[in-house]
Amino acid sequence: METTPRPGSPGSPPPSPPAPLRALTLTVNGQPHPVAVEPRRVLLDVLRRDLGLTGTKEVCEMGNCGACTVLLDDEAVYSCLVLAVECEGQAIGTVEGLARGQELSVVQEAFVACDALQCGFCTPGQILAMEAALRRRPDADEATLTGAVAGNLCRCGAYRNIVAAAHRVAASASGGAA
Amino acid sequence: MDEYDLPTWPPGTDLETAGTGETRREAPAKVTGGAVYSSDLRLPGQLYTAIARSPHPHARVRSIDADRARGLPGVVAVIGGEEGGEGVTWYEESVPLFSPVARFAGDEVAAVAATSLEAARDAVRALHVDYEVLPHVVGIDGAQGPEAPSIHGTPANRTADPKVEERGDVAAALAAAPVVIEHTYRTPTAVHNALETHGSAAWWQPDRLTIWASTQGVTQVARMTAKALGLDQSQVRVITEHVGGGFGAKQVPWKDVAIAALLSRRTGRPVRCAYDRHGENVAAGKRGATRQRVRIGADTDGHLLAIDAELVGDSGAYQTAGEAAALWGPYQGLYHCANVRTSVTYVYTNTGPAVAFRAPGYVEAAFALESAMDELARRVDVDPIELRRRNHTGIDQQQGRPWSSPDSLPLIYDRISALAGWDGRPRPAPPADDGVYRGWGFATSDWLAGKPSPPGYASVELRTDGSAEVVTTVQDIGTGTRTMLAQVAAEELQLPADEVRVTVGDTAAGPPSPTSSGSATTPTMAPAVRAAAADARRQLVEAAARQLDCPAAEVTLDHGKLVAANGDTRTVAEVLEAMSPAAVHGWGQLVEADDSVSVRTFGAAVAEVSVDTGTGEVRVTRVVSVPDCGRVLNPRLVKSQIIGGVTQGIGFALTESQVLDADLGLPVNDSLEEYLVPTVLDICPIEAEPLDRPDTVANQLGVKGIGEPPMIPVAPAIANAVFDAIGIRFHELPLTRRRVLDALAGAGPPGDGVDRRDGSGGGPA
Numbered sequence: 001m002e003t004t005p006r007p008g009s010p011g012s013p014p015p016s017p018p019a020p021l022r023a024l025t026l027t028v029n030g031q032p033h034p035v036a037v038e039p040r041r042v043l044l045d046v047l048r049r050d051l052g053l054t055g056t057k058e059v060c061e062m063g064n065c066g067a068c069t070v071l072l073d074d075e076a077v078y079s080c081l082v083l084a085v086e087c088e089g090q091a092i093g094t095v096e097g098l099a100r101g102q103e104l105s106v107v108q109e110a111f112v113a114c115d116a117l118q119c120g121f122c123t124p125g126q127i128l129a130m131e132a133a134l135r136r137r138p139d140a141d142e143a144t145l146t147g148a149v150a151g152n153l154c155r156c157g158a159y160r161n162i163v164a165a166a167h168r169v170a171a172s173a174s175g176g177a178a
Numbered sequence: 001m002d003e004y005d006l007p008t009w010p011p012g013t014d015l016e017t018a019g020t021g022e023t024r025r026e027a028p029a030k031v032t033g034g035a036v037y038s039s040d041l042r043l044p045g046q047l048y049t050a051i052a053r054s055p056h057p058h059a060r061v062r063s064i065d066a067d068r069a070r071g072l073p074g075v076v077a078v079i080g081g082e083e084g085g086e087g088v089t090w091y092e093e094s095v096p097l098f099s100p101v102a103r104f105a106g107d108e109v110a111a112v113a114a115t116s117l118e119a120a121r122d123a124v125r126a127l128h129v130d131y132e133v134l135p136h137v138v139g140i141d142g143a144q145g146p147e148a149p150s151i152h153g154t155p156a157n158r159t160a161d162p163k164v165e166e167r168g169d170v171a172a173a174l175a176a177a178p179v180v181i182e183h184t185y186r187t188p189t190a191v192h193n194a195l196e197t198h199g200s201a202a203w204w205q206p207d208r209l210t211i212w213a214s215t216q217g218v219t220q221v222a223r224m225t226a227k228a229l230g231l232d233q234s235q236v237r238v239i240t241e242h243v244g245g246g247f248g249a250k251q252v253p254w255k256d257v258a259i260a261a262l263l264s265r266r267t268g269r270p271v272r273c274a275y276d277r278h279g280e281n282v283a284a285g286k287r288g289a290t291r292q293r294v295r296i297g298a299d300t301d302g303h304l305l306a307i308d309a310e311l312v313g314d315s316g317a318y319q320t321a322g323e324a325a326a327l328w329g330p331y332q333g334l335y336h337c338a339n340v341r342t343s344v345t346y347v348y349t350n351t352g353p354a355v356a357f358r359a360p361g362y363v364e365a366a367f368a369l370e371s372a373m374d375e376l377a378r379r380v381d382v383d384p385i386e387l388r389r390r391n392h393t394g395i396d397q398q399q400g401r402p403w404s405s406p407d408s409l410p411l412i413y414d415r416i417s418a419l420a421g422w423d424g425r426p427r428p429a430p431p432a433d434d435g436v437y438r439g440w441g442f443a444t445s446d447w448l449a450g451k452p453s454p455p456g457y458a459s460v461e462l463r464t465d466g467s468a469e470v471v472t473t474v475q476d477i478g479t480g481t482r483t484m485l486a487q488v489a490a491e492e493l494q495l496p497a498d499e500v501r502v503t504v505g506d507t508a509a510g511p512p513s514p515t516s517s518g519s520a521t522t523p524t525m526a527p528a529v530r531a532a533a534a535d536a537r538r539q540l541v542e543a544a545a546r547q548l549d550c551p552a553a554e555v556t557l558d559h560g561k562l563v564a565a566n567g568d569t570r571t572v573a574e575v576l577e578a579m580s581p582a583a584v585h586g587w588g589q590l591v592e593a594d595d596s597v598s599v600r601t602f603g604a605a606v607a608e609v610s611v612d613t614g615t616g617e618v619r620v621t622r623v624v625s626v627p628d629c630g631r632v633l634n635p636r637l638v639k640s641q642i643i644g645g646v647t648q649g650i651g652f653a654l655t656e657s658q659v660l661d662a663d664l665g666l667p668v669n670d671s672l673e674e675y676l677v678p679t680v681l682d683i684c685p686i687e688a689e690p691l692d693r694p695d696t697v698a699n700q701l702g703v704k705g706i707g708e709p710p711m712i713p714v715a716p717a718i719a720n721a722v723f724d725a726i727g728i729r730f731h732e733l734p735l736t737r738r739r740v741l742d743a744l745a746g747a748g749p750p751g752d753g754v755d756r757r758d759g760s761g762g763g764p765a
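The listed protein sequences correspond, in order, to chains A and B. Our numbering puts the first residue of the first sequence at 1, with every later residue one more than the last. Our numbering puts the first residue of the second sequence at 1, with every later residue one more than the last.
FYI, nobody ran anything at the bench for these hints, they're computed from the structure. Errors might be hidden in some of the hints.
[Stated by the list, open to error] Examples of chain B residues lying across from chain A (beta carbon under 10 Å, computed):
#1 H242
#2 G244
#3 A274
#4 D276
#5 K639
#6 Q648
#7 G649
#8 G651
#9 P678
#10 L681
[To be verified] Output of the computed footprint for chain B on chain A, the stretches with three or more beta carbons under 8 Å from beta carbons of chain B:
#11 84-98
#12 106-118
#13 121-131
#14 135-142
#15 150-156
These numbers come from a predicted model, not from an experiment. Quick reminder that beta carbons are idealized off the backbone N, C-alpha and C, glycines included.
Just need the whole structure built from these sequences, with the hints factored in.
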């Protein structure tokens, strides 16, 4: 019986030789970072390995889980599905860039206050997905903010508290009246 | 100091810090990206690893040609084949690390270390492995059949002889019982799918092997890795600062640890080896599928007369260490019954190895038993909660000794009835215009653990700045261990919790610690930390007495001050500064458990569901969960554990199932796209209300574990609610739309795992 080997498993087609490195400058959290990368490498990997920004988590490598969510010109994207070479000239935002010193962002503060995390591995992605929704609509309501994290898996099952965090963010966005 | 030498914190004790909802102390690090997981580490000169896995479910590895792989840029080392494991054996069967016979699709056959992950993966692709494909079998039914290939040469592919436990005369009691419920229940293979995959970095230096692991047990990894590699345990240091989820699958080391260690020894460089998501789904543990043939006999008032359960579980291709899936547990212990027989058999299949998954065995068995109890309640026309009350027992019938908290369950029944509004629940209504039916379901649970797992050790150091440092080697896997241990020390030392720092997750920091499994971390470590803090306090008081020139018995600690009977006062800092060294170091331990009682953690859940008879979709609309974890040290964190367990229970009930293609022997949903864990849109309001009743028989603080129990009653409560809604009794999980639609259509084949209230359709075989 024959099966088709998975990519990367023994017996699959041989790799082509690595392409030459490409030099580019990534703007991450407002700072320019010159890097030289293989064109095939995804933004997630360059953020983590080349820039040491390990707050962005690698989980599925195929856009299923949302853990690698970053901001690209204020929009939430899965950084495992974006090539680093495509990101030059765009403003990249990661979880490390949200707080001002010790002062947490509104979304970060809500996650802490509502215990909207357990192991914390999905947390940066959840926060950036919610952050993007908030930047798009500063008066976003709880349902909008919850919908924004519908593509972010949390295996610990902290969802009820993530919803509570969305509620808190919405309340603070509307001046605490929610 | 030993915790049993200290007075208990009796119920009603006026505590200052323990019992409050302190914020999770690592939360700020986790929301800013500052929390460092083992997968985040980058060590100097670190190499990356990719693993070659068998594409066949059963095959002999004839040869591995690595010449081309070795020549690729960046490749530093390739190991594989039986000799590549350097004599290291793995699993309870002690097979070579790279087994010459692959026994599941995903079994490790080789590994490559390279300067980048891309280079390592390229090299795996360039390996040529010659396989002799062997016949395979997946699924426990087929594996026991006469045609099945033998996986380890055991009779009927059993891992061992059936484990049979019997009390009374089950056959006679069943024959005489006026009411008998009999079904075969099935639960699916479920995959933990922690978001951080199994992985570790190893650095083999001349005098020591250091491993940064993603694990639930640093001590366990050190112990088992040392044994596998032929080292002394003291030569292996294991560090785990933060863990991206475990749920049982990380309670033992997996092959990533050994592969990283061997490659580090060979290359002289630190090596990171982590599974990708495919590997995590096929080769990093699972909750094995079960088949449970259950017969319960009762009188016409619903009193149980006999329970007979023939239980078969899927072990996968190998057995792993750690907690066993205790399928017999609920049948033997949950209810008063004089005649009980359980027979448990685990079967090898050509699939990934099973390992503990959140309340292993009990989650599966509770689905069957609690479905049967719900059916019994309806058959004898007794309210489901009243039926449980009638069958309550306060003693461990297997051991013939009392539960540590014999009245937990009746209190839970009272509490959950009131919270849920059970007695006033709406009766199933005729079909609504939209074809959506609603129903309520109830299930109860016990769990054999949640008790101390000795030994646990801790130290507490008091410093002149007024702070205290708690040091234990135990890990915090996201449950809030750091926070609760800080609260316990703060309570004993009369300090604000933020004056207590906690060091965890490093075997070099102190004596061994328990694995975070069996919901044992808090009941083991909180008493140990309390004892350490009490020891430090005792030394502080004695030092103050010397300085104040009075008997120690006349000195009291009062929130940072030491006060003598005559009113003389010193601050803690003054006392410490007059000492040499200017610190106090207290030791505490919990080294033995009380064997005269059986410590259990009980609970119950009520689920409300809606069933869309047009689409077959079951939605859980509300869950009420009342577990008993003894004294609640931190209600915020306990509630997080409860909602997490309930959420995983919803996934187990409705969507989670690893689907295997029997012909190919491959899992077809080995990704987070197709293995369906719940999302934020799949969950509902969850009312999490722990009983909060100190169990001071369990330990002096009255604390028990909470990690696992809340998951146990969720799936049966949901299935019972589905029956309440549409009158169809499912005997197999998950309750997918397909399964529900087939049942509604009445078109299922005989033995489709469905019973219908109106008696139509195929019953179970």
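*With a cut-off of 10 Å, does the beta carbon of A274 of chain B approach a beta carbon of chain A closely enough for the hint to hold?*
Hint on A274 of chain B: holds, closest Cβ of chain A at ~9 Å, below 10 Å.
*asked:* Checking hints one by one. Is G649 of chain B an interface residue toward chain A, by the C-beta closer than 10 Å rule?
replied: Since the shortest Cβ distance to chain A is 9 Å, the answer is holds.
*Do at least three Cβ atoms from the region 84-98 of chain A come closer than 8 Å to Cβ atoms of chain B?*
holds (count 4)
*Status of the H242 of chain B interface restraint (C-beta, 10 Å, chain A)*: holds (7 Å)
*Within 8 Å of chain B's CB atoms, at least three CB atoms from the region 135-142 of chain A: coverage verdict*: Since 0 is below three, the answer is violated.
*For the hint on L681 of chain B, just tell me whether its beta-carbon gets within less than 10 Å of chain A.*
holds (5 Å)
*Counting residues of the region 106-118 of chain A whose CB is closer than 8 Å to a CB in chain B, do you get three or more?*
Since 7 is at least three, the answer is holds.
*Interface hint for Q648 of chain B, Cβ within 10 Å of any Cβ on chain A*: holds (5 Å)
*Would you check whether D276 of chain B satisfies its interface hint, that is, whether its CB is within less than 10 Å of any CB in chain A?*
Constraint on D276 of chain B satisfied, holds at 7 Å.
*Taking the least C-beta to C-beta distance, is K639 of chain B closer than 10 Å to chain A?*
Since the shortest Cβ distance to chain A is 8 Å, the answer is holds.
*Given G651 of chain B was flagged as interface, is its beta-carbon under 10 Å from a beta-carbon of chain A?*
Holds: closest Cβ of chain A sits about 8 Å from G651 of chain B, inside 10 Å.
_Would the hint on P678 of chain B be counted as holding, given a Cβ-Cβ threshold of 10 Å to chain A?_
Nearest chain A Cβ about 7 Å off; hint holds.
Hint 14 from the earlier list is the only one contradicted by this structure; the remaining hints agree with it.
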